[in-house]
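Going down the list, the protein sequences come from chains C and G.
Letter by letter, the first sequence follows residues 162 to 763 of the working numbering.
Letter by letter, the second sequence follows residues 162 to 763 of the working numbering.
In case anyone wonders, no lab produced these hints; they're calculated from the structure.
Hints may be right or wrong, so weigh each one.
Since the list can't tell identical chains apart, any single copy or any two copies may satisfy a pair.
[To be verified] Computed cross-link-like contacts, EDC-like style, restricted to lysine to aspartate or glutamate with a CA-CA straight-line distance of at most 16 Å:
#1 LYS442 - GLU732
#2 LYS728 - GLU550
#3 LYS281 - ASP243
#4 LYS561 - ASP735
Protein chains: 2
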Amino acid sequence: MSSEKFIVTTGPLPASRKMHVAGNLFPDIRVAMREIDLEPSSGEPPVRVYDTSGPYSDPAASIDISRGLPALRRSWIEARGDVEAYDGREIKPEDDGLKSDEQRKVAMFDRSNIRPLRGKPGTAVTQLAYARAGIVTPEMEYIAVRENLGRERLKEAAARDGESFGAAIPDYVTPEFVREEVARGRAIIPANINHPEIEPMIIGRNFLVKINANIGNSAVSSSVAEEVDKMVWSIRWGADTVMDLSTGRNIHTTREWILRNSPVPIGTVPIYQALEKVGGKAEDLTWEIYRDTLIEQAEQGVDYFTIHAGVRLPYIPLTAKRVTGIVSRGGSILAKWCLAHHKENFLYTHFEEICEIMKAYDVSFSLGDGLRPGSIADANDAAQFAELETLGELTQIAWKHDVQVMIEGPGHVPMHKIKANMDKQLAVCGEAPFYTLGPLTTDIAPGYDHITSGIGAAMIGWFGTAMLCYVTPKEHLGLPDRDDVKVGVVTYKIAAHAADLAKGHPAAQVRDDALSRARFEFRWRDQFNLSLDPETAEQYHDQTLPAEGAKLAHFCSMCGPKFCSMKISQEVRDYAKSGMAQMSQNFRDQGGEIFVPDTAAE
Amino acid sequence: MSSEKFIVTTGPLPASRKMHVAGNLFPDIRVAMREIDLEPSSGEPPVRVYDTSGPYSDPAASIDISRGLPALRRSWIEARGDVEAYDGREIKPEDDGLKSDEQRKVAMFDRSNIRPLRGKPGTAVTQLAYARAGIVTPEMEYIAVRENLGRERLKEAAARDGESFGAAIPDYVTPEFVREEVARGRAIIPANINHPEIEPMIIGRNFLVKINANIGNSAVSSSVAEEVDKMVWSIRWGADTVMDLSTGRNIHTTREWILRNSPVPIGTVPIYQALEKVGGKAEDLTWEIYRDTLIEQAEQGVDYFTIHAGVRLPYIPLTAKRVTGIVSRGGSILAKWCLAHHKENFLYTHFEEICEIMKAYDVSFSLGDGLRPGSIADANDAAQFAELETLGELTQIAWKHDVQVMIEGPGHVPMHKIKANMDKQLAVCGEAPFYTLGPLTTDIAPGYDHITSGIGAAMIGWFGTAMLCYVTPKEHLGLPDRDDVKVGVVTYKIAAHAADLAKGHPAAQVRDDALSRARFEFRWRDQFNLSLDPETAEQYHDQTLPAEGAKLAHFCSMCGPKFCSMKISQEVRDYAKSGMAQMSQNFRDQGGEIFVPDTAAE
């Protein structure tokens, strides 16, 4: 057996200090965020930013991948007194795609000190159940502190001028507000009781827009170590959740390494592993194999499952005339099963049994958009919306079982058709959070689909989508590597933040303003350090002006010293300081008219 | 003197054939476009695309930078009988930033066979004047054929379902429609009579959305050869116009090399060169120096001038409290001049004299947004809109002189404030075309501002903006190199095309559909060749699957052979071909209800 050498990126981002803010209701909680220190000459305080990078960017933390992260939430879960430890399901060779007598070629994470938990019989141990019972959990307070960036409530709310299309974003997030939003299903806290390592986060329209990064191997590419590295790398740049979409070898083992080392919620698509267990033959899938896979993954700690229960038999003919058919892996797999058996989708027919499993571990549904459009031509068609109607129906069933739900969305959608997606989802899915893949606003640019989709993602985030699933430059072409992961994450941070700004989120513009002030005052390092990717910004600047002194220069190579508008702007201000008062007086003396005839000779 | 070695990229794009379509009214015109050939197995015709790359991508053309491009329009211009050749202004050392006795270190383009033209006294030789006189020029027919991609009028118009916010995009563009749009000022044809080399194009809301690439040196960076190469490189990837924003050495000589070799309109900002002539001291600018610079550049053939005549003295105090002041080079230069002299902007006071010059050469105005917002905080403020009101006033004056006008726009604008910009510009500027820089939808991502602005550009293009000025990854950080130019151009082609799709432009979706069919049928090379950047798409694919056989594979490394949704989708269709008929019958037999109880036992 080869021992995987795990190499992950650690250390703080430039000028950043990890900090932790305590709770009030729960004084022991320590909410992670970071502060970016600015140059003393600026006279400005550090800028706090939301931070998904976990202990990896904390110099005070000691990282040992083989031991995993601290089980942050263990005491909170146990204090609720509604779970029991048990022996768990035995790991089978086929869980890693091995034949019965085949040896694993990769090391497994050492679980000798871990036993899975599940809810005591008859209980639903979900954040939704607690919220409906009026309970504010430590997770909820953690989230409130996190979403506020640790700010104290301001005496006066800052002026807000966004357009949120009817959302209800508060000036200040209280734990009670978090509870309310979860109770009404408008937000979810993905937090499997078997994933105690996570720093809690919330997905909902009235909170900061979140992003997801997809990782995972395929039969053709990648390894366990690469996938763990991608997870750590993706959260360093801002991924709020990560989906492990592995379809190749060692699915179980890879996932365990990721879960034990991930401070963010992890999502999966269980049908992939189920398909691997039947050797890739969709027709051979059974409810029993799938059910067993759900329990296997829930015991490990997966926080949300993408489940394509809306790919219903009668809808499949609606895809017959599509340009790109069914582009969802899970959707196509289930469509094949349905047609092979001439039966209704077993995920649909066994949906309540799935709910019974998920409520015992607090796994959230991500109701899959198996019939999403994979081309501009197919956008907003009958197949897509028929499935959405079913997802709305299934949302009500899940809520009946106190299982948390979010709804997945498209896809490929031209700009003028995007809002209809949001409006329809709000109407039919009871305001459950929307979680879209882009959408891509044109098909013509493989190699640049992070951009074609970043446009649609920003827009649909503005309209109310709660989480945006990223797309990398490799979309349609191959498995993303770590460079692609970074570009995808930064692009989607842009889309999410642009949406927060447009919605008028009270915390959003602080960073833009701080960076713009740094830019205007030629505090180059502050500008870089406040940006989403300080190293790239600095590297680009240094390509033409590498000398250290250039960091003090009041210009860059775009315009040079004589033409820098910001430099000249400063001179205009200095010049006008004395002159402005006189000009104002002149202006008033001339009657304060905007249009003043030029009486002076040239 | 060093002889610049000019190296530019020539040769066709993959699978592309340059073609030329003749006119009807003017049978001698040969409208350039290209066709992308698809694999014979597809059974599909070649796909025609709009092509800005000029003769450089035509294997039949012989390229000699030292001789320039053929003077395509010379005979059309002469046939109008309203221009005269003359000796032109003498080139002075200061035109290239040289002292009187200093030698040029770069070679000049050989103009020994070229004499500048100008309109005969009392004439306006502009496309606007001709349009208003009811004349359809060869340029107008060229444009009609080009915008239609050479299609014959279809017997029935294709179904169109865009949202164009009140635009009037025709199913088929006639030369008469072009004339009408130009006559009412809603579109411009930038085409200086001294730039006969251009392949005519149109900028207007009711035509394809266009993009501009900025090139030009600075005092810190670049050379004549690099700038000529950037121009050729930018149009290869799709730039519809190019602005030479040089601010360093050899401004005149660089521009001449670019103009003589550019098949697309060239824009400049004359105040830059004027500032160079006074050694960089804004206070020393005079109307006489500026006027002389306008004539110098008009004689060379510049097709549009950015002129910041809206930066009025009373508006400057409105920028005092801005976060990023005045971010326009020209705007800051003029603001400094105004305050230094305590006088109104001489571009404003001499505006009609500027019109007299421009009408004699058919140089179009790009009325500059000198007071555009350079940060989210400054978006849509009083300074910005005061200037826009003045630009509206100046538009009417220019039209009085038969001078073509487009209006420049922002900048940095959060998404929810973008539409207001379009609405206001339409209201106050008489529907003159809008030409925006982005806008950037957040400030927090230097290094990625092609993306932050691509989002805003796609949206404002959808709302009616006629041309989008690109932004590269180097924005705010340094002068773009050729790699940045390409990324900027491709990003803005995405934005413009996404806008065309959303507006329901009849020609737009052809390419998306052809590419998506190629994708679905695993015609990998067709997918690459139809994309905006075939080489990058292929390179990304080949990173993980380089073998030639992989180009026939029904999967890529994203999912591998067992999980490719498109492959499985094809299997579903094959499987269903026989089954579908039966299913349809079953469906109908059961009353055709969407919700069918599952009566079959599991």
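Verification of the hints:
1. LYS442 - GLU732: Result: close only across copies, 12 Å inter versus 71 Å intra.
2. LYS728 - GLU550: Answer is neither; intra-copy 57 Å and inter-copy 27 Å both fail.
3. LYS281 - ASP243: within (6 Å within a copy, 93 Å between copies)
4. LYS561 - ASP735: neither (66 Å within a copy, 39 Å between copies)
Consistency with the previously given hints fails for numbers 2 and 4, ordered from lowest to highest.
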